[in-house]
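The lines below spell out each chain.
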Amino acid sequence: MHSYIRPRQFVAIQLPSDQIRITKIVPNTIVQLGKYGSFAANQVLGRPFHLTFELLDAPEPDGYRLRVVSATELHAETLIEEAEGEEGEADDALPTRTNQNIVDDGSAQKLTVQEIEELKKEAGGAGKEIIARILESHSGIDQKTAFSLAKYTLRKRKKFIRRFSIVPLDVSTLAHYLMTERDAAKTMELRDEHIGLLGCLANVHHGGNLPVNESNKPNGRYFVVDETGGLVVAAMAERMGILYPPDEEDEDQDEDQDELPIEEPSGTDQDGQAKAKPQPRRASPRAMSATGNSITVVHAYSQPNLTLLKYFGYDVSNPDESHPLFTHLKTVSWLQLVDPLSDPIYANKPESRSAEEVASLKTNKRTIYYHKIARWERVKSVTDEARAGGFDGLVVATLLEPPGVLKTLVPLLAGSASVSVYSPYIEPLVDLVDLYSTARRTSFIYQKRDIEAETPEGEEPDLSVLFEEFKVDPTLLLPPSLQTTRVRAWQVLPGRTHPLMSARGGAEGYLFHASRVIPTKENIRAAGTFRKKRKLESTSTPNNERDVVMRT
Amino acid sequence: MPSPFLNPGATSSADNVALLYVRRDQSIPTILRTYDDENQGYKEGKVVNTRFGSFPHSTLINQPWGSQIVASKVDTGSRGRAPKNAPKRKAQELEEPSGTTTGTGEEKPELKKPEAAASGFLHLMYPTPESWTLALPHRTQIVYTHDSSYILHRMRVRPGSTIIEAGAGSGSFTHASVRAVFNGYPVDEPATKKQRLGKVCSFEFHQPRAERIREEVTQHGLDGLVEVTHRDVYENGFLLGEPKSGRSPKANAIFLDLPAPWLALKHLVRKPADGSESPLDPETTVHLCTFSPCLEQAQKTIRIMRQLSWVNISMVEANNHRIEVKRERIGLDAEGVRGANVHPKSVDEAVNKLRWDEERTKLTRAARIDANGGERDEDDEEADQKPTGKVHIEPFLPRPTDPAYKLGRLIHHSEPDLKQHTSYLVFAILPRDWTEEDEQKCRQQWPSDKIEKEPKPGKSKKQIKRDLASQKMKEAKERRTAKRAAAAASATEAPADATQTTENVEEDTEMKTDA
Chain A
1 MHSYIRPRQF VAIQLPSDQI RITKIVPNTI VQLGKYGSFA ANQVLGRPFH
51 LTFELLDAPE PDGYRLRVVS ATELHAETLI EEAEGEEGEA DDALPTRTNQ
101 NIVDDGSAQK LTVQEIEELK KEAGGAGKEI IARILESHSG IDQKTAFSLA
151 KYTLRKRKKF IRRFSIVPLD VSTLAHYLMT ERDAAKTMEL RDEHIGLLGC
201 LANVHHGGNL PVNESNKPNG RYFVVDETGG LVVAAMAERM GILYPPDEED
251 EDQDEDQDEL PIEEPSGTDQ DGQAKAKPQP RRASPRAMSA TGNSITVVHA
301 YSQPNLTLLK YFGYDVSNPD ESHPLFTHLK TVSWLQLVDP LSDPIYANKP
351 ESRSAEEVAS LKTNKRTIYY HKIARWERVK SVTDEARAGG FDGLVVATLL
401 EPPGVLKTLV PLLAGSASVS VYSPYIEPLV DLVDLYSTAR RTSFIYQKRD
451 IEAETPEGEE PDLSVLFEEF KVDPTLLLPP SLQTTRVRAW QVLPGRTHPL
501 MSARGGAEGY LFHASRVIPT KENIRAAGTF RKKRKLESTS TPNNERDVVM
551 RT
Chain B
553 MPSPFLNPGA TSSADNVALL YVRRDQSIPT ILRTYDDENQ GYKEGKVVNT
603 RFGSFPHSTL INQPWGSQIV ASKVDTGSRG RAPKNAPKRK AQELEEPSGT
653 TTGTGEEKPE LKKPEAAASG FLHLMYPTPE SWTLALPHRT QIVYTHDSSY
703 ILHRMRVRPG STIIEAGAGS GSFTHASVRA VFNGYPVDEP ATKKQRLGKV
753 CSFEFHQPRA ERIREEVTQH GLDGLVEVTH RDVYENGFLL GEPKSGRSPK
803 ANAIFLDLPA PWLALKHLVR KPADGSESPL DPETTVHLCT FSPCLEQAQK
853 TIRIMRQLSW VNISMVEANN HRIEVKRERI GLDAEGVRGA NVHPKSVDEA
903 VNKLRWDEER TKLTRAARID ANGGERDEDD EEADQKPTGK VHIEPFLPRP
953 TDPAYKLGRL IHHSEPDLKQ HTSYLVFAIL PRDWTEEDEQ KCRQQWPSDK
1003 IEKEPKPGKS KKQIKRDLAS QKMKEAKERR TAKRAAAAAS ATEAPADATQ
1053 TTENVEEDTE MKTDA
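Each protein sequence line maps, in turn, to chains A and B. Using our numbering, the letters of the first sequence map in sequence onto residues 1 to 552. Using our numbering, the letters of the second sequence map in sequence onto residues 553 to 1067.
Bear in mind the hints are in silico, worked out from the structure with no lab data behind them. Heads up, some of the hints might be wrong.
Claimed, not checked - Heads up, incomplete: computed chain A residues facing chain B, CB under 10 Å, no partners named:
#	residue
1	HIS2
2	CYS200
3	ASN219
4	GLY241
5	ALA439
6	PRO480
7	THR520
Note that beta-carbon positions come from the ideal geometry of N, C-alpha and C, so glycine has one too.
Chain A with its partners taken away, still in its complex shape (with noise of 0.2 Å):
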């Protein structure tokens, strides 16, 4: 995985501006690089990742314009202040230089704007030189203080180097991006170290490569809730090992990747049942048919937003059969989890007809058939599957209320399974953590054993007035928490290391954690605790007693 940049793949170029462009490398164009320049795609593909490129002013015979800027010299400056610090610690002596005198009018610098310009135009250098030059011509560059130079060359750089280097686009990058280039808000300002803990909080691992039979069940199968366009189904599928398409580490041509994929699903995870029975009529999967490592997404409209999977080679409307998420992604609208019977997908099964009937069809009337059949299939078997529950795991960064999502999901999850929710607010967790509060829980259990005592011996008690007041049932889930995680980055610089001045603001975002347990049916007391309540209890009575005896 992400070993060399391979053709029509998205990466990611970080510039020296520390902006970052999502680009897909496409074999003989040039790249855009705005105003740092371009370079030729050609002159990266097959290179490893992370190496830092500088545009060079004048080609190479073969007509390469690149150079690979070594680790050393990234760091040379830093090395260079480093050897002289450890050389000279007794230095504290000298006076050191102050702002005391600067006065900034912008007259410092004796470039003008117009010089700096026809710099731009002549000087080569990947611009070293220009900012050698303005550097130069600052009146003031001798009375800055070690600290101000070093930001004031920093910010030239920034300006001026023409260098770049190119990163895998994986979750990671794809959240800083969204995060930092694009509308947050469109992604719940979900930041990289709650996708993390989301999908730990979550346990979201790869389901394995157990065999799936009657004594065990298929292993790794959980439900996604997000609103984030798909920015949580990608995160959780790079856990489950299913969101790149394998690639051809060990036969270097990628040329040869137009031939049919040899059914890729069924080697790599545990699909004992798709192996057990192969499909006669094509080579090719089904699309989501896998049946344990998968992602069940549940969406609100009638199809889901999962745009952003297009990154990563995956394009939901027009699923390519040989990407793992083809069978591993499963999706399932609420109309069809909660009332199967309205969907008019599921409730109408296109007529069978017999092969003759089929055969005698005109060509693209048999397409549409043979595609009504498919479809039908997929939502029932997927419906099916995610009505009859046991999975393990449960994910959510919704704009739907909590409760109501919890409130369908959490009773299909097996005992012990995990949920965690994502919110950009606190406000809406809060509520969450309060409706299954043990006050709550206690008397829920009390009144549902009253309903369950009314209704006669061998029918099913309705409880939809218990859930009116209570919202979820809050028996099912254990101990609910609630927390958030901020991540601060540190500059470290010889002799200047501090936390960044500044960082992103904006929603804090907060994770609700809890897992799924199975209340017994008898009846039972809490103990221990229970006790020294009781006895808490009565050191107050007398004040009580008093109480009362004041007031008769």
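Once you've looked at the hints, dock chain B against the given chain A.
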């Protein structure tokens, strides 16, 4: 045997680890046994005792995960005195000093059937790296979930990756990372080249701790996924097996939780100075993270990283806090409610209460006068008004009708003990080695100066297939309608048409990268 951490299955089973959830932040890890492996001497076999009751393992085995388990009546008092047990234990010790655990099980195959207790319960949970982190026996300072989740995510540790971990410590990070790399158990048949199985290579320089981790790995069914090596990595590096000549783990990611990570860095290079094999994966970028509580450690580490050509060096700290949610109840009607603040909740209630107090004072005075033998003075009138001695107003505003769980204001606050700082995390990247030879090979494959005038958008596989299909259909149609002459024309028309549609589709999917 699949690991309960990774593939717990539907129910608990004997000889597997389980977590007994007692209450928030208190879980008891235990290995479920059908026999009394710790020689506890209970009639019910192995028993876990908690302040919420006793739980014989026979009530915990083969139960669906997540089940609420009712406590049992276990005679915890008499087992020491039991005449049956004491000599047997002693005799056994004499016979076999090592005291094998299976012995007891065989001798006493029939266990008493547990009887449900009147109160007390716990929940039977399968372990996850998170719950394990909270429940594990601490041997060292551990890496908490908010750190480990970020570290693994940021180091791009994914199914199929190989990660080096040093030192293993209490095994908290070990469990988190094995879940991250897991993509299947090693099988006997040689794995296909295409799929690399994820692996954790764990190093620990403290012999007893290394042994303990090794035991845990086996108990938790992680054999083959975690390889524990007892090693001082500063001196002897990261090769598996023999220190200088062993196998390379070919790691994609390295996590160093060591007091002096900079001393280990010299081994983590592409070409070690001593000529031994590099422990790094030659095919991929390598991600490194060091975990140091002190700033000086991090600074020193970063200095060495720069010298050893690591790039994208960055230091962060992850701050995490848990938030508690509760209902704050203020009001005079909250008398006797636990945690409530008995104080007027509003000006109205305060005024009401003052009125009530005043009235009550008058009454008391009147009563006292009564008691004193009917000596009446200025209080006469009032006493006459209320002969029953009852106050007509309540001290508080009307009692709310809502159930208790809805009363009060819903509030949240940080947990009482904040973890302000765990450690500084230093991340760095080491790209693949790139030689002049590699570069020349690449240039041959991708000629530097080959640039198409009109950049032709690439076709996806699906698109190519579709184009082919549409072309074929078109051809067939043409063949049917027109005769031989028309067939020749379709060959020139169709491809042009196909490329046009491709361009349209590609335009939509292509990214707009304008900043």
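| task | Run the structure past the numbered hints and jot down the numbers of the failing ones, going up. | result | none
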